[in-house]
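The opening residue of the sequence shown carries number 533 in my numbering; numbering runs sequentially from there.
Among the hints, a few may not be true.
Using C-beta positions, here's what the derived DEER-type ranges look like [what the hints assert, rightly or not]: (1) 641 <-> 598: 23 to 33 angstroms; (2) 598 <-> 685: 31 to 41 angstroms; (3) 565 <-> 696: 36 to 46 angstroms; (4) 645 <-> 615: 30 to 40 angstroms.
If you are wondering where the hints come from, they were derived from the structure by calculation, not from laboratory data. Glycine is no exception: its CB is placed at the ideal position from the N, C-alpha and C atoms.
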Amino acid sequence: MSVFVFDSDGLIKLQKAGVLDMLAESHECLVPGKVYGESVERGKSELYEDAFELGETIEEHMRVVEAEDPESEKTPAKESLGSGELSAYGVHLQEGSDALISDDRAFLNFLESKGIPFITPANVIVEMKNQGQIPRDRAVEALGRMEKYIRNEVYEKSIEEVRK
Numbered sequence: 533m534s535v536f537v538f539d540s541d542g543l544i545k546l547q548k549a550g551v552l553d554m555l556a557e558s559h560e561c562l563v564p565g566k567v568y569g570e571s572v573e574r575g576k577s578e579l580y581e582d583a584f585e586l587g588e589t590i591e592e593h594m595r596v597v598e599a600e601d602p603e604s605e606k607t608p609a610k611e612s613l614g615s616g617e618l619s620a621y622g623v624h625l626q627e628g629s630d631a632l633i634s635d636d637r638a639f640l641n642f643l644e645s646k647g648i649p650f651i652t653p654a655n656v657i658v659e660m661k662n663q664g665q666i667p668r669d670r671a672v673e674a675l676g677r678m679e680k681y682i683r684n685e686v687y688e689k690s691i692e693e694v695r696k
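Build the full structure now, drawing on both the sequences and the hints.
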């Protein structure tokens, strides 16, 4: 079973796509405490309906983990990251996850510079389809729900991949 760590961006996009619960049922999914605070607690306080649904999915299928402070030195790349991304990085280091799930470009560039595996939400859907976890029509539908939240070229490439 693969172990994934999420930032807020990855959680929210996969929740909106309607596949987060299925992913979490078949993989160990870790949510940093700060990411939970950003995505669920703040969302609930602002009465975002999807924050309540996201909270239920996390409570039923995921594990919230408090991150230790990763590498205390400050670098320009780290300074461009928010507390949620830094805590996701910290959870990855302490838990030894297989990959981080995010669509935040600055964070992905940082992870790439560190040689840390990551997967974008659109690619999660493509892989779920390729591994037989969801049928093609469900993958197309999930990508359609995510379309307005991702770059057009990412959407087009992902649709092309799931239709193969």
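Here's how the hints hold up against the structure:
no. : hint                            : verdict
1   : 641 <-> 598: 23 to 33 angstroms : 26 angstroms, holds
2   : 598 <-> 685: 31 to 41 angstroms : 36 angstroms, holds
3   : 565 <-> 696: 36 to 46 angstroms : 39 angstroms, holds
4   : 645 <-> 615: 30 to 40 angstroms : 19 angstroms, violated
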